[in-house]
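Asks: Given next are the chains, with one letter for each unit.
Protein chains: 2
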Amino acid sequence: MYVEKILNAESVAVVGASRNETKRGYQAIKTLLDEKYEGAIYPVNPKEKKIMGFTCYKKVSEIPEPVDIALITTPASTITRVLEDCAAKGVFGAVIIAGGFGEIGHEGKKRADEMIEVANRNNIRIIGPNTSGMMNMNQNMNLVGIRDVPKGDIALLSQSGNMALTLITEAKIKSLKGFSYYVGVGNESDIKFHEYLEFFHKDPNTKTILMYVEGMRDGRKFLQQAYKTTKDKPIVLLKSGRSLTGKKAAGSHTGALAGMSEVARSAFERAGIIVTESSDSLFPIAETLSSLPPIKNNNVAILADGGGHATIAADLLSDLGVNFPELTEKTQEKLKKILPFSATVNNPVDVAGGTDADPTVFADCADIILKDPNVGGLLIVGLFGGYGIRFAESLSLMEEDAAHRMGKLVRKRKKPIVLHSLFSSEKPHSLHLLRYYNIPVYDSLDIASKCMGALAQYGNYLKSYHAKTNFVLNWGAKTKDKGKKIIENVRKEGRCALLENEAKCLLKLHGMPVSKDKLATTADQAVKIAEKLNQPVALKIVSPDILHKSDAKGVKLNLSTEEQIREAYDTIIENARIYDPEADIRGVIVSPMAEEGVEVIIGTKIDDQFGPVIMCGLGGILVEIIKDVSFRVLPISPTSAKKMIEDIKSVPVLNGVRGNPARDKKALKRLLIMCSDLIESYPEIEEMDLNPVLVHEKGVSIVDARIILKPE
Amino acid sequence: MYVEKILNAESVAVVGASRNETKRGYQAIKTLLDEKYEGAIYPVNPKEKKIMGFTCYKKVSEIPEPVDIALITTPASTITRVLEDCAAKGVFGAVIIAGGFGEIGHEGKKRADEMIEVANRNNIRIIGPNTSGMMNMNQNMNLVGIRDVPKGDIALLSQSGNMALTLITEAKIKSLKGFSYYVGVGNESDIKFHEYLEFFHKDPNTKTILMYVEGMRDGRKFLQQAYKTTKDKPIVLLKSGRSLTGKKAAGSHTGALAGMSEVARSAFERAGIIVTESSDSLFPIAETLSSLPPIKNNNVAILADGGGHATIAADLLSDLGVNFPELTEKTQEKLKKILPFSATVNNPVDVAGGTDADPTVFADCADIILKDPNVGGLLIVGLFGGYGIRFAESLSLMEEDAAHRMGKLVRKRKKPIVLHSLFSSEKPHSLHLLRYYNIPVYDSLDIASKCMGALAQYGNYLKSYHAKTNFVLNWGAKTKDKGKKIIENVRKEGRCALLENEAKCLLKLHGMPVSKDKLATTADQAVKIAEKLNQPVALKIVSPDILHKSDAKGVKLNLSTEEQIREAYDTIIENARIYDPEADIRGVIVSPMAEEGVEVIIGTKIDDQFGPVIMCGLGGILVEIIKDVSFRVLPISPTSAKKMIEDIKSVPVLNGVRGNPARDKKALKRLLIMCSDLIESYPEIEEMDLNPVLVHEKGVSIVDARIILKPE
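Chains as they are written, first to last, in our numbering: chain A, 2 to 713; chain B, 2 to 713.
Simulated from the structure, these hints should not be mistaken for lab results. Treat each hint with caution, since some may be false.
Any copy will do: because identical chains look the same in the list, a pair fits if it lies in one copy or spans two.
Pairs of lysine-lysine residues, derived as BS3-like cross-links and limited to a Cα-Cα distance of at most 25 Å, are as follows [what the hints assert, rightly or not]: (1) Lys110 - Lys337; (2) Lys666 - Lys533; (3) Lys24 - Lys338; (4) Lys486 - Lys37; (5) Lys173 - Lys428; (6) Lys50 - Lys24; (7) Lys550 - Lys110; (8) Lys337 - Lys24; (9) Lys203 - Lys666; (10) Lys37 - Lys24; (11) Lys557 - Lys519.
These figures come from a predicted structure and were not determined experimentally.
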């Protein structure tokens, strides 16, 4: 596998090697030396003879030994030339630092295309460009120039060198954890996120994957790979650029288009990824997930030596959707026995001074609480680690004893403990011990709570895993000949938009409940159709030139008598002619007036990063003003469709409110799945709007439909 | 002023003084000694003769010298006895550590009442109980036992000793700032939040007030005092207990009831308080506000040496509602001259390596950017402070030079700079210099952004200050005799709920637009009233025993003919009899069917902490399901009423959507103010519901009204 080969290269040519300390071409060689890279290093620079004791070559192709990869630190304009030279030497991977490609607009894109053409022709795979480099910590290959990177089991994928530096520094200062690999993904011009992820999934040295993303070139492939990965290894991800201004900054940075943030978040979470919006908690969450078992039942207990911290932690965990179970009576009885009278023995447990003279009571409490079948994990907040510092030195030894016991407890009970300590920065030995036992320690309540929340979220995901679909589209699978013909006909006429009757025909063909419409081309026909329907009808104009029928006054509702229908027909045709004298008028649709129901809107579109997505919300102001909708990346499973409906905030309306009956949510769920199938069957469709769909007490009906094809 | 006298006491008796290191009675004396308290210390303990060289007294009343205050560390059961003894000595203040009062339920409340009775009788004012103590840093009076507390200009008010310890530790480790006073507010049994605040407002040593609150006993007085204070000094506040579980923990901690979190937040913010929900950013925001001028125009520029940090910071600031102005062409031109070609010279500014060889370029950029009239403040993110550490030591001196220049720049331009540095924890001298110049430095992007957001928020508030009301209620000011009589009559009948016609009468009396209803007691009367109205009518049952008219099938709408009205009248009376055979039926209201309009709900209630509050939202599911409402503490000004309407998410519905006309928001605003006046005029009202109110193209009308009085 090429990613594995590149990340485990046994020899590196540094193109643009330098003797100037501030240059990348110096730092890279210095770091490879300092960190004791196990492979061969070849500086390349036509102007130098020797660099740090190494012979310096004029070109890569002049190097006498085999060369696996090249670190290219020269400017964008030189890249194609350097790559051709690398090819002559049989180099199979290149790490390209220079910016000035896709991220700077048209000219840069052209340059990127040329680069990729050269690379493809010569079987060279590229990391970057516009990357800070990459590291393989097991082999001491550090092409980034950040020193003293701690080794560990977290693989880091970042689209920003600064963020990588931030995360590495954090690991170094505040944790015992470290990294297996780092890849600066850069512009993803060649190797993409999912390709790195595929390797990390298999890599035995990697337990957790940590990602900073600004935009993705192929979000769908990434989701597919993430879906496979998260059943074995957790992924933690921060996606920036969710604000408009943020988008601007991301645009100028990596040239990747940031997608709709709602789509991104729901897609990532559906693939089992832990998404965070706080850069402060990104590394801690990865640290926690690579240290501890996930929480199996979404239930957390809090153990505190003071009400303030307990109250804040409870707020934070509640916000994250974590439950606080009541402790069993047995647990409460046991706690009462070892804590003072004034202690709170229900969740959150407040020891009320009960640990002041003997902090090993923390371990006693933890033991009792973790035994409780209602409790899936324990968050300890307050002063632990600081009793020796604050009160009396003799207490330090007790804290260390407690740390040993709590460490073993986690292993025994297979339930996680996360600890918040005000004294973390004072580095007491007891907290070091906890970390040694894989109990993470934070001096921030926010972060400790978010880590606990992540353990619960990952646990919830693993339990629900098998119910999910895997983002694999099976284009064309259920395509029908008649459907193909409808689309062909639209294309033949040079149109992109299907007429309402064409759209409904296509939907009906795939079993969707559309209204029993017929096209009338005369008022007489309209009357006859209405007579057959034998109920009040609606009339709507049909013309490829009139997309917005209401704007053209081309809709008349609730028509019962022959007179009303004739008049409506004539008025609609007249209005259409006034609206657009050139319009190609195909006639008027006659539909039965729909039975009463709750209005729902279903839409699909092609997202830049994630491909086809579906949206659903309750009609009218709820969608238009409150933006109360839920999104999913297609395809969706029945479970996913059901969850999608429940994610709509105004869903209680479907359950029946204010004396109204409950509506048929199952029929709506089925319709969403049919939409998913339809979009999968006709990749030509760019956008589809079913608006409104009426959800009745029994069944649903599609009142209006709009389908737009991709431009040919 | 008693708060000032107590916080500046010149002599302290420590009741419960001890020789045991783990006891509070030891730690307090030790700390007073270590910190060099300028006043006199008198240990009190009947069992000891000498403690740390001091004579130990049996009782406070035995101390031969005058005693200002007593720190009482003995259990709850001893307090009244100790207070009586203190009184004999003329002590005027007591700091009571013990818990076991209001926070533990009925028995504790009784104990608290007894304590307050003794204190009042003897003119002793109490801090606490259930407090960690208090400190006056100017006088080295430290009754808490936390050592090395940094001195400074931040006054700290906290309802949790642990949170105080957290904040003090943070200040000590990460900042040059410190505290003027600390008060552990505890249960607020006697002295309340607003009394401390009043003193800090006047105190020349205090520049900023930092608060951790779980619940307030008199929120309204606090708001009034906060409103006065924030025009001179910023207040930063974290209120915990917003989750249900959080409430439970807060309840057992201080015995204070936590109020509705939406009400609290909107009330605090209207009084100019900076509210945060992140305990991590609480001290940093206070530090920033006490260091820097607020931002005058809500406009912030970002200066970054890497895209990743810039993108995340932009996301965070956008979330906080801060604007990113375009930089002027002049500014961009000037930046282009000093930065490399690949730099981004619009906001966020990315130097793209332009500072690598010379970090003084940061100061050059800051100078150019702060000169831009569009820019109100500057957030610098990235590696500043670490160039010397990471690249070459020689760069450190340049960073120090840049720090001096940026420090002076802030003073000159009177615009704030906040800095994020990845290298903050490495403590480079350049970052120390920045702090010396009052430029705060954080290693967290989250926190740096929140601090910048707080400067913008406080600046926005100061600009809008004069438009606001001041929470001073003028009970009964506009009471009308006729209104009083309506209420007296309800009371006379032993009711709490006004009948619909009574409620509407009261509203009409105060100029509110109620429908032209009349009460009919026979079908004939109903017909006559309808004839006069000369439009379709609604009939509604009137009975003190039927509060929910629809449940009793007591409402009939859209009645036009005499026949319809007669039938409706009889049916309503019959239904009411079936619903409650004992019901006291007063007749039927005849109302004209209301003109079409957007449904709005207005409600008022008495909040436990903040007194009368008003709520407004759009009718139907928007209020019931989406909970899309806005809250204000009464009274409200026109500006505040306007803002209240704009805070409703679905407000675009009133502006006219989907072809509907714009509605009369001004009339709605006037109605909200009238409601405010009404509640102010009749303090007997506990709850009022105007539901629905119809907002027309011109004017509003109240269709139904419910008023409930406080229990007598």
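Asks: Please write out, lowest number first, the hints stated earlier that are contradicted by the structure.
Replies: Violated hints: 2, 4, 7, 9; rest satisfied.
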